[in-house]
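2 protein chains.
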Amino acid sequence: MSEKNRVSLSMAYRLLHPMHTVLVSCISKNGKPNIITLAWVMPVSANPPLVAVSIAPKRYSHSLIEETGEFVINIPTIDILKETLFCGRVSGIDHDKFKETELTPLPAKKVKPPVIRECVAHLECKLHKQFTVGDHTIFVGEIVEAYANKEAFTEKYDLERARMIFHLGGNDFATLKPKVFTAEV
Amino acid sequence: MSEKNRVSLSMAYRLLHPMHTVLVSCISKNGKPNIITLAWVMPVSANPPLVAVSIAPKRYSHSLIEETGEFVINIPTIDILKETLFCGRVSGIDHDKFKETELTPLPAKKVKPPVIRECVAHLECKLHKQFTVGDHTIFVGEIVEAYANKEAFTEKYDLERARMIFHLGGNDFATLKPKVFTAEV
Numbered sequence: 151m152s153e154k155n156r157v158s159l160s161m162a163y164r165l166l167h168p169m170h171t172v173l174v175s176c177i178s179k180n181g182k183p184n185i186i187t188l189a190w191v192m193p194v195s196a197n198p199p200l201v202a203v204s205i206a207p208k209r210y211s212h213s214l215i216e217e218t219g220e221f222v223i224n225i226p227t228i229d230i231l232k233e234t235l236f237c238g239r240v241s242g243i244d245h246d247k248f249k250e251t252e253l254t255p256l257p258a259k260k261v262k263p264p265v266i267r268e269c270v271a272h273l274e275c276k277l278h279k280q281f282t283v284g285d286h287t288i289f290v291g292e293i294v295e296a297y298a299n300k301e302a303f304t305e306k307y308d309l310e311r312a313r314m315i316f317h318l319g320g321n322d323f324a325t326l327k328p329k330v331f332t333a334e335v
Numbered sequence: 151m152s153e154k155n156r157v158s159l160s161m162a163y164r165l166l167h168p169m170h171t172v173l174v175s176c177i178s179k180n181g182k183p184n185i186i187t188l189a190w191v192m193p194v195s196a197n198p199p200l201v202a203v204s205i206a207p208k209r210y211s212h213s214l215i216e217e218t219g220e221f222v223i224n225i226p227t228i229d230i231l232k233e234t235l236f237c238g239r240v241s242g243i244d245h246d247k248f249k250e251t252e253l254t255p256l257p258a259k260k261v262k263p264p265v266i267r268e269c270v271a272h273l274e275c276k277l278h279k280q281f282t283v284g285d286h287t288i289f290v291g292e293i294v295e296a297y298a299n300k301e302a303f304t305e306k307y308d309l310e311r312a313r314m315i316f317h318l319g320g321n322d323f324a325t326l327k328p329k330v331f332t333a334e335v
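Residue numbers (the working numbering), protein chains in the order written: chain B, 151 to 335; chain G, 151 to 335.
There may be inaccurate statements among the hints.
Identical copies go unnamed one by one, so any copy, or any two together, can satisfy a pair.
To be verified - Calculated cross-link-like contacts (lysine to aspartate or glutamate; reagent style EDC-like; alpha-carbon spacing at most 16 angstroms):
1) LYS232 with GLU153
2) LYS154 with GLU295
3) LYS327 with GLU310
4) LYS327 with GLU292
5) LYS154 with ASP308
6) LYS300 with ASP322
7) LYS154 with ASP229
8) LYS154 with GLU301
9) LYS232 with GLU292
10) LYS154 with ASP285
11) LYS262 with ASP244
12) LYS259 with GLU217
13) LYS179 with GLU216
14) LYS260 with GLU305
15) LYS259 with ASP308
16) LYS259 with GLU292
17) LYS232 with ASP244
18) LYS259 with GLU153
19) LYS276 with GLU295
20) LYS154 with ASP244
21) LYS249 with GLU268
22) LYS327 with ASP244
23) LYS300 with ASP285
24) LYS329 with GLU268
Rather than coming from a laboratory, the hints here were simulated on the basis of the structure.
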């Protein structure tokens, strides 16, 4: 076996990275939209279709999701990497992230938060449950509507056309090779 | 905006894929180890260091984790793609997955389930909480020990040396380009 190095427990989460990175849009009660960049997101149930995101209580979007019970998961590509990092680094309390990034809000179909035009896919969610775990909250959303760019997804993503973002840690990101490995049992 | 296609709610989870794919090892009370392949896994808390995995109750590993309260998340690479798919497709009830895949169990440091030698990193976990969500259970584990191949990880992964697996859907997988994009705000 290769020599193993111990990883400090405070950095151990990075062993699960690179994680697929998303832009979650949400909205305040009085209609001001916001965006938060997250890599801690995963599906959790097939039927009903549920997804989980983990957000620290100090984040502005945490209060918005609690307030309105709705959010949209948008899938960005490497073309908007700079905007994606920006939305993860500054707070919506004192920034209008749509305005500052020039990302385009468009009306969603079944929820109030807008979808982000420049993303390749969108999952509209209504809050199903939430759990406090350590220093974060797991928000579980039920997917109520989903759609994707026609050329980017048909049952699976086309990796040539959807160059998605994976967070390595810090300011570092990667993207996938378009080659698909198909295994057989 | 590109033309958008609606995605059926039963397939919408795939819009969050490709997901970083892991091998979770667990063990029965009488000491028989098992492996389950999962793509629904993410960090959920920094301090304490917690990770979440989502597993259907019908899976054999679900009962093992409930029984012993311990599991290890092992990070596989494309070199063991076939074994990784196998461990996700068959049940430990009637298969000895270590024996059939020839993956090598080695003793962990702080928990009873073995680590998998052929993987590049290992997170030893003790069950912290569990939640039922839809048709799955979210198991939240506290990371009690973590280590990685010396050449593959130092604060972040070296993507040239750790060619990790991302699950696209069905039997299809991808891996990352080694190029790192470093964004600045």
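Hints and how they fare:
In this assembly of identical chains, the alpha carbons of LYS232 and GLU153 never lie at most 16 angstroms apart, being 36 angstroms within a copy and 24 angstroms across copies at closest. For the identical chains of this complex, LYS154 and GLU295 are inter-copy neighbours only, at 12 angstroms across copies versus 45 angstroms inside a copy, given an alpha-carbon limit of 16 angstroms. Taking the shortest Cα distances, LYS327 and GLU310 sit within 16 angstroms of each other both inside one copy (8 angstroms) and across copies (13 angstroms). When the C-alpha separation of LYS327 and GLU292 is checked against a cutoff of 16 angstroms, the pair qualifies neither within a copy, at 31 angstroms, nor between copies, at 32 angstroms.
Taking the shortest Cα distances, LYS154 and ASP308 sit within 16 angstroms of each other only across copies (14 angstroms), while inside one copy they are farther apart (36 angstroms). Proximity of LYS300 and ASP322 under a CA criterion of 16 angstroms is satisfied in neither setting, with 29 angstroms inside one chain copy and 20 angstroms between copies. Taking the shortest Cα distances, LYS154 and ASP229 never come within 16 angstroms of each other, neither inside one copy (36 angstroms) nor across copies (18 angstroms). For the identical chains of this complex, LYS154 and GLU301 are inter-copy neighbours only, at 9 angstroms across copies versus 43 angstroms inside a copy, given an alpha-carbon limit of 16 angstroms.
In this homomeric assembly, LYS232 and GLU292 never come within 16 angstroms of each other (Cα to Cα): the closest approach is 29 angstroms inside a single copy and 33 angstroms across copies. Neither within a single protomer nor between protomers do LYS154 and ASP285 lie at most 16 angstroms apart by alpha-carbon distance, with minima of 29 angstroms and 37 angstroms respectively. For the homomeric pair LYS262 and ASP244, neither the shortest alpha-carbon distance inside one copy (21 angstroms) nor that between copies (48 angstroms) is at most 16 angstroms. With identical chains, the CA atoms of LYS259 and GLU217 are never at most 16 angstroms apart, being 20 angstroms at best within one copy and 44 angstroms at best between copies.
Only within a single protomer do LYS179 and GLU216 lie at most 16 angstroms apart by alpha-carbon distance; the minimum there is 10 angstroms, versus 41 angstroms between protomers. Within a single copy, LYS260 and GLU305 get their C-alpha atoms no closer than 22 angstroms, and across copies no closer than 41 angstroms, so neither meets the 16 angstroms cut-off. In this assembly of identical chains, the alpha carbons of LYS259 and ASP308 never lie at most 16 angstroms apart, being 24 angstroms within a copy and 41 angstroms across copies at closest. For the identical chains of this complex, LYS259 and GLU292 are intra-copy neighbours only, at 14 angstroms inside a copy versus 38 angstroms across copies, given an alpha-carbon limit of 16 angstroms.
Taking identical chains as interchangeable, the C-alpha atoms of LYS232 and ASP244 are never at most 16 angstroms apart, the minima being 19 angstroms within one chain and 49 angstroms between chains. When the C-alpha separation of LYS259 and GLU153 is checked against a cutoff of 16 angstroms, the pair qualifies only between copies, where the shortest distance is 15 angstroms, while the shortest distance within a copy is 52 angstroms. For the identical chains of this complex, LYS276 and GLU295 are intra-copy neighbours only, at 10 angstroms inside a copy versus 36 angstroms across copies, given an alpha-carbon limit of 16 angstroms. When the C-alpha separation of LYS154 and ASP244 is checked against a cutoff of 16 angstroms, the pair qualifies neither within a copy, at 44 angstroms, nor between copies, at 32 angstroms.
With identical chains, the CA atoms of LYS249 and GLU268 are at most 16 angstroms apart within one copy only, with a shortest distance of 14 angstroms there and 48 angstroms across copies. In this assembly of identical chains, the alpha carbons of LYS327 and ASP244 never lie at most 16 angstroms apart, being 37 angstroms within a copy and 36 angstroms across copies at closest. Within a single copy, LYS300 and ASP285 get their C-alpha atoms no closer than 39 angstroms, and across copies no closer than 29 angstroms, so neither meets the 16 angstroms cut-off. Taking CA atoms no more than 16 angstroms apart as the test, LYS329 paired with GLU268 passes in neither setting, with 24 angstroms inside one copy and 23 angstroms between copies.
Consistency with the previously given hints fails for numbers 1, 4, 6, 7, 9, 10, 11, 12, 14, 15, 17, 20, 22, 23, 24, ordered from lowest to highest.
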